[in-house]
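Chemist: Working from the sequences, and respecting the hints, build out all of it.
Chains as they are written, first to last, in the numbering used here: chain A, 846 to 1393; chain B, 163 to 341.
Some hints could be false.
Far from chain B, some chain A residues (derived; all Cβ distances over 10 Å) [unchecked claim]: (1) T904; (2) T989; (3) P1006; (4) P1009; (5) T1051; (6) T1155; (7) D1194; (8) A1223; (9) N1225.
Just the calculated beta-carbon pair ranges, DEER-fashion [claimed, not checked]: (10) B/A284 - A/P970: 53 to 63 Å; (11) A/F1048 - B/K206: 49 to 59 Å; (12) A/G1284 - B/E223: 19 to 29 Å; (13) B/E223 - A/L1083: 43 to 53 Å; (14) B/A284 - A/F1048: 52 to 62 Å.
What the hints contain is simulated information worked out from the structure, not anything from laboratory work.
Everything numeric in this text was worked out from a predicted model, so none of it was measured.
The C-beta atom is built at its ideal place from N, Cα and C for all residues, glycine as well.
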Amino acid sequence: MRLTSIRSAAAALFLSLAAACGGGGGPTITVTVSPASPFTGVGQTQQFTATVVGTTDQTVTWTVQEGSAGGAISTGGLYTAPLLPGSFHVAATSVADASRSGTATVSVVPPPACTLETPQSSALPSAQVRQLGVHTVGETVTFTVPAGTGSVTIVQQGTEPLAPESVTYQGSLVANTVVPLTVKVGGVEFYNDNVDPTGDPAFWGTKNGIGSIFFDSASPWTGTMTVPNTTHMLEYVLDHGGVPAGTWSVVVNDYAEECKVIGSPTCVVGNGTLTYPPGKYDVKVLLKTGPVPAAGTVDVNFYLVTTQFTSTTASTSASVARMRQMLASYLARAGLTLGTVNFVDMPADVKARYAAGVNIDDTLPCGDMATILRMSNAENAISLFLVNSLVSSQGGMFTYVGVDGTIPGPSSVGGTVASGALVSAANLNFSSTPTSCQGAVNLSGCGADRTAYIAAHETGHFLGLYHVTESDGTRFDPVQDTPTCKLSLCAPAGKEVVNSDCTKNLTDPASPCGGGENLMFWLLNNALSTGTLSGQQSSILRANPLVR
Amino acid sequence: MIAPIALLSAVLLSAPAMSDAEVRTQVEALLGTIDRAIPAARWKELGPAAVPVLAEIAASESQMPSTRSMALGALGVAAPARAETIARALLDSPNAPLTVRETAVRTLGRVLSPVQLRSALAPALRAARPVGLRSVAAETLARHAPEEACAEVADQISLEPAADHPRFERAAALCAGRR
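Modeler: Have a look at this one:
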């Protein structure tokens, strides 16, 4: 099942303003209806007024030309739209001369309504899936992890009625992220969302307790936690042949629940003006037998939202072939083979609706991003949605090139608001010269190469990798063998860290400034981004249940 | 742990003065962002030395379409008048990548007044090719000049083939005050 967006494809919104008909003798009476061409939502009301010229009698009679199917209108001109969208005509007829009338066309648009259909299923074999049912925040769920289990993935999917999208914490709007409050195994606490890492999370905590599981993602309505995703836990897996075995207990939680505990005014649920239901989440656990394999295969589904390709043309396109080739080369650095690649045609109305870009501002379940991600199927493959462009009407620019549903993604579970990643295909056919897409990788001149890099980066996120160093140079991934790039050491104060700041260790091994060439650095630099992956990053990727 | 995602702008309030060459390096670097937003304030903080760099990249046919689009959007923040000139030219350049022309339309929405925008985009709304450009013009008008242009938007939608109506849903919803 999936979250269903009820957004009619119908957008027939027509405008006309009919002037009064002419007549013979005496002053000409004209009737004008205002507004002439309003838009309104289904079931909504719209006030019309009529102006009658050529007579002192200003009274009119109101009608909807399509009859009740087109809505209803009161004697005072208050129009109530019907429950189905369409284009309808409101007429005002002069009482003084019934042959004189004016009309307006009202465009009735559909509602952006969504209904969350949870739970979405996993494509993994049932033996690997623990269905733990729906639980309210604060409840504890338990499950058993056998010895020798290589990875555990906890997927929480929101159910109706939905929890709020956000909380307001210290004046800032924060996504109402779904994340366990605590994760314990045999009574030992391995994760506590109220305990924040200090300094570099890769070196914080221990492999036998807090610090061995990391989470830092904005993830409303669907949250995923995959273990191992830290150096500490990778070491635990090496020591014990798998993740902690025994009874795991997880407290179902979201930020709204934590916010209630923190209390106002420091933290306010939603915008503080409405009452929201407590979050209720379907909890599913995905197990993968260990140990972490030295190599693996990952399949990819490219969902073609873009109008540039169909599945037929994609399979024969030189640009797409080049992108596949380069994507395979990036994945190979983690010991991964790019397996089956499918191109999935999206319906024509979907392609049309998002042809001018996917708006990433709206992260609500009915928003562009979530609506598209919910179209993914439950399959043991990465879902990458190729779109014409990713746009934002806010911030400092309009264009983005990649965005992930959440980190990590709900592997094998399709149809959630976070089931995949979106990758812009804006550059895919670009070639700065006739030979730019021949030979070695060319991130500046070959659009297919650049698109492959972005697809690999978002795949890294989906499988559990964070940016090695974030833009502010103060936040780092939980992996010890990826170099960090601290702002205080690597760049002038008051500036973000960029690739050139963070590749100094390549020429000076003693430099503490590294990671700028890594696939998971936050920026792509034509000359410096080689797309490296460390050994531990690679292990985290291969531990993901999507890797076979 | 609840924590706001750190914003670049918070870090950069005390940005030091940079040489023109350093600004160029920083501009080119920031245009390599993959999935992180660069706040509007950041483009302004980079100062006047960033403007010719952004303008050059936005207009360059040798640059990636997405990079040109990013640069044009940033220019709309850093230097609206310069952005307007370039955006108008790109909008009328049939050989420019569609995504760049779409960004040109959106940039005009940012830098022009509603009345100016209606005047600037009315021809594109009516006659731009391909249809994607008309739909972006409709959306931009609906977003930034609803009072001035929603009637024309509705008029244009009524002329578009039904198969293309989903392209105009966003504009229609904006005109209805729904988005």
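Chemist: For each hint, tell me whether it holds in the structure or not.
Modeler: Do the hints match the structure? See the list:
Separation of A/T904 from chain B is adequate, the least Cβ-Cβ distance of about 27 Å exceeding the 10 Å criterion. Distance check for A/T989 against chain B: the nearest CB is about 28 Å away, which clears 10 Å, and the non-interface claim stands. Residue-level check passed: A/P1006 sits 21 Å from the nearest beta carbon of chain B, beyond 10 Å. Once the 10 Å rule is applied to beta carbons, A/P1009 is consistent with being away from chain B; the minimum gap is 13 Å.
For A/T1051, the requirement that its beta carbon stay farther than 10 Å from each beta carbon of chain B is met, with the minimum near 18 Å. No Cβ of chain B comes within 10 Å of the Cβ of A/T1155; the nearest lies about 16 Å off, and the non-interface call holds. A Cβ of chain B approaches the Cβ of A/D1194 within 10 Å, the least distance being about 5 Å, so the stated non-interface status is violated. The claim that A/A1223 lies off the interface holds: its Cβ sits roughly 25 Å from the closest Cβ of chain B, which is beyond the 10 Å cut-off.
The claim that A/N1225 is not at the interface with chain B holds, since no C-beta of that chain comes within 10 Å of its own (minimum 24 Å). The supplied range of 53 to 63 Å is met by B/A284 and A/P970, whose beta-carbon atoms lie about 59 Å from each other. The supplied range of 49 to 59 Å is broken by A/F1048 and B/K206, whose beta-carbon atoms lie about 37 Å from each other. Our hint of 19 to 29 Å for A/G1284 and B/E223 holds, since their Cβ atoms are close to 22 Å apart.
For B/E223 and A/L1083, the Cβ-Cβ distance of about 52 Å falls inside the hinted range of 43 to 53 Å, so the restraint holds. For B/A284 paired with A/F1048, a C-beta distance near 60 Å keeps the hint of 52 to 62 Å intact.
Comparing the model with each numbered hint stated earlier shows that hints 7 and 11 do not hold.
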